[in-house]
Amino acid sequence: MMLDARRRFLSALFVAACGLSVVLALVPLGLILFFVIGSGVQALNLEFFTALPKPVGEPGGGMLNAFVGTLILTGLASLMAIPAGVLSGIYMSEYAGTRLATATRFAADTLNGVPSIVIGIFAYGIAVLPFRQFSALAGGLALGIMMVPIIARTTEEMLLLVPAAMREGALALGATRARAVFTVIVPAALPGIVTGAVLALARIAGETAPLLFTSFNNRFFSTDLRQPISSVTVQVFTYAISPYEDWRRQAWAGALVLVSFVLACSVLARLVTARIQRGWA
Amino acid sequence: MMTATTSVPVPTARSGSVPHEPVGRARIDVRGLSFFYGVTRALDDITLQLYPNVVTAFIGPSGCGKSTFLRTLNRMNDIIPGARVQGTVLLDGEDIYRAGVDVVALRRRVGMVFQKSNPFPKSIFENVAYGLRINRMAGSRSELAGRVEDSLKQAALWDEVKDRLQDSALALSGGQQQRLCIARALAIQPDVLLMDEPASALDPIATQRIEELVYALKQTYTVIIVTHNMQQAARVSDFTAFFWLGRLVEYDRTDRIFTAPAEKLTEDYVTGRFG
Amino acid sequence: MRRELGFRLVIGAFAVLVVGLVVAIGVELSRQSWLSIARFGLAFWLDRTWDPVAGEFGALPFIWGTLYSSGLALLLATPVALGIAVFISDLCPAWLRGPLVFFTELLAAIPSIVYGLWGIFVLVPAVRQFEIAMPELLRRLPLFSGPPLGVGMLAAALILAVMIVPFTSSVAREVLKTVPMAQREAAYALGATRFEAIRSAIFFARTGIVGAVMLGFGRALGETMAVTMVIGNNPQISPSLFAPQYTMAAVIANEFTEATDDLYLHALIEIGLVLFLITLIVNSASRLLIWAMGRTARPAARRVELGAAA
Numbered sequence: 006m007m008l009d010a011r012r013r014f015l016s017a018l019f020v021a022a023c024g025l026s027v028v029l030a031l032v033p034l035g036l037i038l039f040f041v042i043g044s045g046v047q048a049l050n051l052e053f054f055t056a057l058p059k060p061v062g063e064p065g066g067g068m069l070n071a072f073v074g075t076l077i078l079t080g081l082a083s084l085m086a087i088p089a090g091v092l093s094g095i096y097m098s099e100y101a102g103t104r105l106a107t108a109t110r111f112a113a114d115t116l117n118g119v120p121s122i123v124i125g126i127f128a129y130g131i132a133v134l135p136f137r138q139f140s141a142l143a144g145g146l147a148l149g150i151m152m153v154p155i156i157a158r159t160t161e162e163m164l165l166l167v168p169a170a171m172r173e174g175a176l177a178l179g180a181t182r183a184r185a186v187f188t189v190i191v192p193a194a195l196p197g198i199v200t201g202a203v204l205a206l207a208r209i210a211g212e213t214a215p216l217l218f219t220s221f222n223n224r225f226f227s228t229d230l231r232q233p234i235s236s237v238t239v240q241v242f243t244y245a246i247s248p249y250e251d252w253r254r255q256a257w258a259g260a261l262v263l264v265s266f267v268l269a270c271s272v273l274a275r276l277v278t279a280r281i282q283r284g285w286a
Numbered sequence: 020m021m022t023a024t025t026s027v028p029v030p031t032a033r034s035g036s037v038p039h040e041p042v043g044r045a046r047i048d049v050r051g052l053s054f055f056y057g058v059t060r061a062l063d064d065i066t067l068q069l070y071p072n073v074v075t076a077f078i079g080p081s082g083c084g085k086s087t088f089l090r091t092l093n094r095m096n097d098i099i100p101g102a103r104v105q106g107t108v109l110l111d112g113e114d115i116y117r118a119g120v121d122v123v124a125l126r127r128r129v130g131m132v133f134q135k136s137n138p139f140p141k142s143i144f145e146n147v148a149y150g151l152r153i154n155r156m157a158g159s160r161s162e163l164a165g166r167v168e169d170s171l172k173q174a175a176l177w178d179e180v181k182d183r184l185q186d187s188a189l190a191l192s193g194g195q196q197q198r199l200c201i202a203r204a205l206a207i208q209p210d211v212l213l214m215d216e217p218a219s220a221l222d223p224i225a226t227q228r229i230e231e232l233v234y235a236l237k238q239t240y241t242v243i244i245v246t247h248n249m250q251q252a253a254r255v256s257d258f259t260a261f262f263w264l265g266r267l268v269e270y271d272r273t274d275r276i277f278t279a280p281a282e283k284l285t286e287d288y289v290t291g292r293f294g
Numbered sequence: 011m012r013r014e015l016g017f018r019l020v021i022g023a024f025a026v027l028v029v030g031l032v033v034a035i036g037v038e039l040s041r042q043s044w045l046s047i048a049r050f051g052l053a054f055w056l057d058r059t060w061d062p063v064a065g066e067f068g069a070l071p072f073i074w075g076t077l078y079s080s081g082l083a084l085l086l087a088t089p090v091a092l093g094i095a096v097f098i099s100d101l102c103p104a105w106l107r108g109p110l111v112f113f114t115e116l117l118a119a120i121p122s123i124v125y126g127l128w129g130i131f132v133l134v135p136a137v138r139q140f141e142i143a144m145p146e147l148l149r150r151l152p153l154f155s156g157p158p159l160g161v162g163m164l165a166a167a168l169i170l171a172v173m174i175v176p177f178t179s180s181v182a183r184e185v186l187k188t189v190p191m192a193q194r195e196a197a198y199a200l201g202a203t204r205f206e207a208i209r210s211a212i213f214f215a216r217t218g219i220v221g222a223v224m225l226g227f228g229r230a231l232g233e234t235m236a237v238t239m240v241i242g243n244n245p246q247i248s249p250s251l252f253a254p255q256y257t258m259a260a261v262i263a264n265e266f267t268e269a270t271d272d273l274y275l276h277a278l279i280e281i282g283l284v285l286f287l288i289t290l291i292v293n294s295a296s297r298l299l300i301w302a303m304g305r306t307a308r309p310a311a312r313r314v315e316l317g318a319a320a
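Protein chains in written order, with the numbering used here: chain A, 6 to 286; chain B, 20 to 294; chain C, 11 to 320.
Read the hints as simulated data drawn from the structure, not as lab findings. These numbers were taken from a predicted model, which means no experiment stands behind them. Errors might be hidden in some of the hints.
Derived lysine to aspartate or glutamate pairs resembling DMTMM-like cross-links, with alpha carbons at most 25 angstroms apart [unchecked claim]:
id: 1; chain 1: B; residue 1: Lys141; chain 2: B; residue 2: Asp178
id: 2; chain 1: B; residue 1: Lys141; chain 2: A; residue 2: Glu63
id: 3; chain 1: B; residue 1: Lys135; chain 2: A; residue 2: Glu173
id: 4; chain 1: B; residue 1: Lys141; chain 2: B; residue 2: Glu113
id: 5; chain 1: B; residue 1: Lys181; chain 2: B; residue 2: Asp169
id: 6; chain 1: B; residue 1: Lys181; chain 2: B; residue 2: Glu113
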């Protein structure tokens with residue numbers, strides 16, 4: 006009887022500890038969101054989105070160049086990464102047993118685990134050094150490299166969920182393998198593939214380290230791909246470590262925009278995933 | 020070890036059906052066919068002929084190889100790793116396993132309907148049009164629509180879907196989806212239609228409609244149907260082949276198989292002594 | 011079959027591209043750090059003095075800082091992460107599961123720079139208050155010595171811990187999912203308490219959980235922005251939690267664009283190369299563990315990586 010009580014007590018303690026960990030994790034989340042929203046909203050106005058940065062020390066100004074820069078960088082990255090990621094994902098699912106598929110899977114997972122700063126160094130070596138200048142292209146390359154493994158693995162996963170009967174049906178009608186894949190299987194898995202791309206996009210839009218020495222930064226408005234370009238993340242970093250109060254407030258505003266974007270993408274991804282799961286059930 | 024008789028039996032007309040003239044040349048001629056997955060022998064030295072404009076049923080207990088044999092006729096077994104074929108399968112005199120044969124073209128001529136209906140997640144129209152599009156069989160938009168309508172009519176589905184061709188195929192009932200898959204297969208005008216237990220996943224009413232359809236289709240096509248339901252085979256087919264453990268045990272006119280089979284094994288199976 | 015060969019070659023080429031990328035990164039990093047490797051050799055990693063102005067490049071402080079911060083973060087984060095994983099997979103009511111998973115995903119998705127921003131303006135002042143409030147007696151210990159700056163190892167470890175909790179917990183959750191229900195049912199049928207039944211499930215999944223923890227460690231090793239904004243960026247080796255120190259990723263981020271000569275740059279890139287190799291080894295080992303565990307349970311281990319990736 007004593008033993009039972011002790012065991013029950015331990016169990017209750019354990020359950021309480023687990024519940025406490027949940028609270029412990031949610032507290033920082035709450036604090037971060039609280040501060041980001043609280044401090045960021047103050048500096049959020051029309052000027053923030055439409056104006057260029059003012060010279061050092063002068064109050065006001067905005068992050069227009071940074072927003073455009075991030076748009077361009079993520080656009081470049083997507084252009085490079087989506088075809089490469091989707092096609093290698095198709096290979097991994099269509100030829101799943103082969104050595105190349107296993108190697109690709111391993112490589113994709115490895116690439117996922119490489120610190121983003123290291124990818125930045127790589128992009129620096131092959132896209133900045135030879136041309137002796139920082140550029141949007143180099144930044145896009147770094148971000149693209151980070152997107153590829155995410156897109157490849159989600160594409161593979163989504164394609165494997167499509168029932169094999171679909172492929173058989175298409176082949177029995179005289180489709181070649183390529184036709185069956187591109188006209189039946191990929192369209193069937195498309196919502197999931199797109200979700201993967203959206204999540205990858207959300208992840209790289211928030212990256213700073215790989216841009217520090219590839220796309221660098223640019224105080225002025227620029228859309229030239231071969232010149233350094235501003236980005237929301239690098240701009241937030243620059244403002245955050247500066248001593249100017251006004252810049253720091255704008256840093257919070259920039260952070261708020263980033264978090265809102267990431268939140269929107271997460272919600273979208275969840276909604277689509279839920280619909281997919283209902284569809285297959 | 021039993022093989023089919025090599026003489027050409029004359030199909031007798033069933034009551035109420037349109038009599039057709041005696042068949043001459045076999046549409047599909049299988050000789051000494053064995054099939055392996057890796058080291059496993061799934062089919063053992065099968066020889067028979069399949070005639071045009073009749074319904075031939077393959078029956079036998081589960082795992083006897085009837086579906087595997089069906090799939091050798093349109094080379095769908097090619098996608099299984101380690102698949103190996105010995106012997107010949109002649110379609111109108113030409114060996115479909117000869118090196119250099121265009122499998123894609125073969126599958127146009129020998130169509131297939133699967134056990135579990137597998138419509139594509141597209142509209143009803145697009146499902147039927149799929150085969151036409153990839154095989155470039157329709158010139159204009161109106162020709163395409165015409166052929167789709169034809170196929171749906173042949174599959175006895177047109178009246179039920181003609182007002183909602185753009186709806187998703189997945190919204191149809193099980194029986195309707197299966198008829199859609201039949202329409203999809205018919206759209207590319209195959210010579211032979213292979214049906215792998217087409218009604219096994221359906222309720223009795225839907226099953227009856229499929230059976231009526233199969234009976235009607237033989238006017239135009241060579242129909243080969245795999246079924247585990249002996250009564251279905253007796254109702255619907257003109258010829259029946261009985262398989263057991265990868266071997267062809269007996270092949271004859273359906274009425275003979277079910278009333279006076281030559282082999283004891285066949286008799287035991289059709290009288291239900293083993294399933 | 012000729013047509014299929016074309017298809018296979020084209021998409022295979024992209025698969026090869028992915029593999030090639032990993033190889034290329036290793037090659038390029040080695041190429042660009044050659045000067046430093048040739049000049050200093052192994053001594054690079056044993057020398058404690060990092061003084062680029064004087065031409066002295068000793069990288070030991072960065073190894074120290076990286077291992078200390080990541081190790082401490084791991085210590086703090088692992089119990090919390092496992093607690094969350096267990097709670098979500100075994101203890102919480104069904105209606106709560108979805109929202110909790112969503113919130114942990116949100117925590118994982120917050121960009122590093124936002125963590126860093128919050129770190130500088132919220133965490134560091136709080137840590138500074140904590141340091142100031144520390145009783146004199148404890149301050150004499152080497153663990154708590156030094157002026158209360160706020161920035162330093164403690165702040166870095168705390169922020170890293172918060173960042174790796176969602177990651178480790180989602181991987182651990184996927185691992186726990188692969189434990190067959192029969193395991194827990196058997197325990198309950200024998201009259202086990204919740205704690206005991208879950209403990210047996212955790213024991214069953216121990217290889218995978220170790221893998222999950224290691225993956226979290228790998229993630230912490232490479233974290234850059236949040237760390238560099240709160241760690242103080244001082245290349246010193248100190249056991250004190252309060253002392254500003256430096257990590258491998260942080261020094262690269264800070265000094266890369268300041269590198270005035272090739273040797274300096276190559277030294278930084280050599281640090282990047284070793285960081286690459288360390289994370290490669292840690293991540294591969296952890297995935298191996300998770301995969302090995304998945305084979306004994308159900309072949310669903312692959313989903314684990316996807317939970318981590320997205």
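Checked hints:
| no. | hint | result |
| --- | --- | --- |
| 1 | B/Lys141 - B/Asp178 | holds (20 angstroms) |
| 2 | B/Lys141 - A/Glu63 | violated (59 angstroms) |
| 3 | B/Lys135 - A/Glu173 | holds (11 angstroms) |
| 4 | B/Lys141 - B/Glu113 | violated (36 angstroms) |
| 5 | B/Lys181 - B/Asp169 | holds (11 angstroms) |
| 6 | B/Lys181 - B/Glu113 | violated (40 angstroms) |
Hint compliance for this structure: hints 2, 4, 6 are not met, and every other hint is.
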